[in-house]
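Chemist: For the record, the sequence lines run as chains A and B. Each residue of the first sequence is one higher than the one before, starting from 1 at the first, in this note's numbering. Each residue of the second sequence is one higher than the one before, starting from 215 at the first, in this note's numbering.
There could be a bad hint or two in this list.
[Stated by the list, open to error] In the SDA-like style, the derived pairs of lysine to any residue whose C-alpha atoms are separated by at most 25 Å in a straight line are: (1) B/K510 to B/A494; (2) B/K558 to B/P505; (3) B/K510 to B/V571; (4) B/K490 to A/D112; (5) B/K490 to B/I503; (6) B/K490 to A/E108; (7) A/K192 to A/S178; (8) B/K558 to B/R439; (9) B/K490 to A/L106; (10) B/K490 to A/L18; (11) B/K490 to A/R17; (12) B/K490 to A/A111; (13) B/K490 to A/S83.
[Claimed, not checked] Residues from chain A shown here face chain B by an in silico Cβ test under 7 Å; the list is partial: (14) A9; (15) V11; (16) L12; (17) G15; (18) Q84; (19) K107; (20) E108; (21) V110; (22) A111; (23) I113.
It should be emphasised that the hints constitute simulated quantities derived from the structure, not laboratory data. Where a beta carbon is used, it is the ideal one built from N, C-alpha and C, also for glycine.
Read off the chains here:
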Amino acid sequence: MRIVIAEDAAVLRDGLRLLLTTRGHEVAAAVGDGDALQAAVEEHRPDVAVIDVRMPPTHTDEGLRAAIRIREDHPDLGVLMFSQYIETRYAARLLAGGADGVGYLLKERVADIRDFLSALDRVAAGETVLDPEVVTQIMGAGRRAEALSTLTPRERDVLAMMAEGRSNGAIAEALFLSYGSVEKHVTQIFTKLGLPPSESDHRRVLAVLHYLQA
Amino acid sequence: MRTDRQADGGSGPWRAWARAAVWRELAYALAMPLMAGIGVAYLLLVLVGVLLAANVVGLPVLALCAHGARGLGAVNRGLARVLAGEPTPAPAPFRAPPGLLNWFTAALCDVAGWRAVIHSVVRLPAAALAFGAAATLWAGGLFLLGAPLWAPARLRPDIWPGAPLLSVAGLALLLLAPAGVHLALGPERLLARTLLGPAPGALRIRTLEETRARAVLDADAALRRIERDLHDGTAARLVTLAMSLGMAQEELAEADRPERLERARALVGGAHSSAKEILAELRDLIRGIHPPALDKGLEVALATLAARTPLPVELDADLPVRPSPAVESIAFYCTAELLANVVKHSGARHAAVEVRVRDGLLVLTVRDDGRGGAVVGAGSGLRGLAERVAVVDGAFDVRSPAGGPTVVTVRLPLHI
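Kindly produce the complete structure, drawing on both the sequences and the hints.
Modeler: Printed below as a string of structure tokens:
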């Protein structure tokens, strides 16, 4: 996989490069700000860009804005945003342009090498990956708390995993449930939240997110 | 005065007339009848307002009078600043809640307006004095100076040969005139200062508002700095550390092959040294937030600071009473910043820090034998220090002639 890294902390940038190259990926470029990222994407046409949200010069959402710009020109490029803390607003802005091949993770997830690499693979394959923290924040935000409070704890678990972009099969495996009962939970969630059921996994994420942030 | 004249480069007593301030003060004195007249006319207007106020209709008139007096006050203040050399800050701007009734109420109760009205009453004798002195000294002097011209026609022939003597007296009056007018303007200056500026309490409030705003900004900037340091430094390093350990873990999971074991060893080694770097970074960060040595007192903290400074620092601290923690903290940061400046900019070979208690104030002096030329402002850190000191009503004084030495004195209240 061809990867471009945009991360302003040199120590982490080098660490990521080391990690990805030892795992057989090609790191085409590792840059430190949004403009350099854009140039690197134009030049190397990577499969995935791993982008820090906060970069110079503004040290706010520089990386996010660069990612949104780049996605407009290259809808096929997988974008894995990662950042020190999760901002639900950022997730919504990122997903507004389409959820295919978009990920948003806490930086610390890099510590679990296998999960991080599989997230990268999923983003490259066009799936959506959201950090569990995004879901926790939305759940705790008090928004639509009434609707959410009607969910059973088990249904909340399922919703959280749906929001992370997992398929029913994956959810069943993770929660030690049968495929059928997961399907039942999902239908139940959609009914309780007043959402029409949908086919693909990432559409479910979008639907959940959009509904919760409305 | 004398040195001023010598500095002007001229000689002779008439150099006194060459100073522009003399003519400005004369203009001010001569403007007095006009300004006093306007004031009296305005007073009559106010009087009408007061009489009308007996029935309620007059109250708005009175409010307008009080509000208009601000304008009169501004003109008088401007004259005092430009001509009499008395720079008086403007009072706080007029503020009224929305609504016509509120406006009238606020105008009626406007202290600055009424102070201007009072000014136009009590200034009358002061204005008379100023004008009288100017008229006597300048006009009288000129009149006597011109004695040889008019004396032959007016005086008896047996007296007029004394006319040159009158001229000399006139010249003396004219020479005295600048200083005389300056003195006679004293009461006018005093009144402008006390009645046309902000009320004493208002001035204090303004200072407090400014210093409070600075304190808030300062605290905010400090928090941002800490956040930035934690985010860009420590957190990034910790993520990398966790990642290295994660990679090592994976290598160890399949440690049957020697090269995997070797890679794991290298990863753990890297993680180990980066953990040590994080610790060092955190220590610096913590010291930046609050130096632990400060808990044992300012003297101890300053001794540590002096020892850490890459330049010989002579420390002489004697504090019989322990100041408030916040004061200690400000004194410490001032010293740290000043010593850092010495190292960075002064080219000095020695520095000395002295801390004393004098007149109930903590007096901190930092001096160096460098090249001098330090100024507060111009984007220097000194300005920030001065502002920080002002927050607790302290004083910040920099003496730094070109060529050195630089002496910075900080005075802080012991307790806040």
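Chemist: Take the hints in turn and mark each one as holding or not.
Modeler: A quick look at each hint next to the structure:
1. A distance of roughly 22 Å separates the Cα atoms of B/K510 and B/A494; the hinted pair therefore holds under the 25 Å criterion.
2. The straight-line distance between the Cα atoms of B/K558 and B/P505 is roughly 22 Å, inside the 25 Å bound, and the hint therefore holds.
3. Proposed proximity of B/K510 and B/V571 is supported: the alpha carbons are some 18 Å apart, at most 25 Å.
4. Between B/K490 and A/D112 the CA atoms are separated by roughly 22 Å; this keeps the pair inside 25 Å, and the hint holds.
5. Of the pairs offered as hints, the one joining B/K490 and B/I503 holds, with about 20 Å between alpha carbons and a cut-off of 25 Å not exceeded.
6. Proximity of B/K490 to A/E108 is assessed by CA-CA distance (about 19 Å); at most 25 Å being required, the pair is judged to hold.
7. This hinted pair checks out: A/K192 and A/S178 have alpha carbons roughly 21 Å apart, not beyond 25 Å.
8. With a C-alpha separation of about 21 Å, the suggested pairing of B/K558 with B/R439 holds against the 25 Å cut-off.
9. Distance check on the hinted pair: B/K490 and A/L106 sit about 24 Å apart at the alpha-carbon level, within 25 Å; holds.
10. Distance restraint check for B/K490 and A/L18: the Cα-Cα separation of roughly 20 Å lies within the 25 Å cut-off, and the hinted pair is therefore satisfied.
11. Taking the CA atoms of B/K490 and A/R17, the gap is about 22 Å. The hint holds against a cut of 25 Å.
12. For the given pair, B/K490 sits about 18 Å from A/A111 by alpha-carbon distance, which is consistent with the 25 Å threshold.
13. For the hint linking B/K490 to A/S83, the alpha-carbon distance of about 24 Å falls within 25 Å, and the restraint holds.
14. For the restraint placing A/A9 at the interface with chain B, the shortest Cβ-Cβ distance is roughly 4 Å, inside the 7 Å limit, so the hint holds.
15. Restraint check, A/V11 versus chain B: the minimum CB separation of about 5 Å is within 7 Å; hint holds.
16. At its closest, the beta carbon of A/L12 sits 5 Å from a beta carbon of chain B; the interface hint therefore holds under the 7 Å criterion.
17. With 7 Å as the threshold, the beta carbon of A/G15 comes within range of chain B, its nearest partner Cβ sitting at about 4 Å, so the hint holds.
18. With a cut of 7 Å, the hint placing A/Q84 at the interface with chain B holds, because the nearest CB-to-CB distance is about 5 Å.
19. With a least beta-carbon distance of about 5 Å to chain B, the hint placing A/K107 at the interface is held under the 7 Å criterion.
20. With a cut of 7 Å, the hint placing A/E108 at the interface with chain B holds, because the nearest CB-to-CB distance is about 6 Å.
21. This hint holds: A/V110 has a C-beta 5 Å from the nearest C-beta of chain B, less than the 7 Å allowed.
22. This hint holds: A/A111 has a C-beta 3 Å from the nearest C-beta of chain B, less than the 7 Å allowed.
23. Interface hint status for A/I113: upheld, as the beta-carbon distance to the closest one in chain B is roughly 4 Å, under 7 Å.
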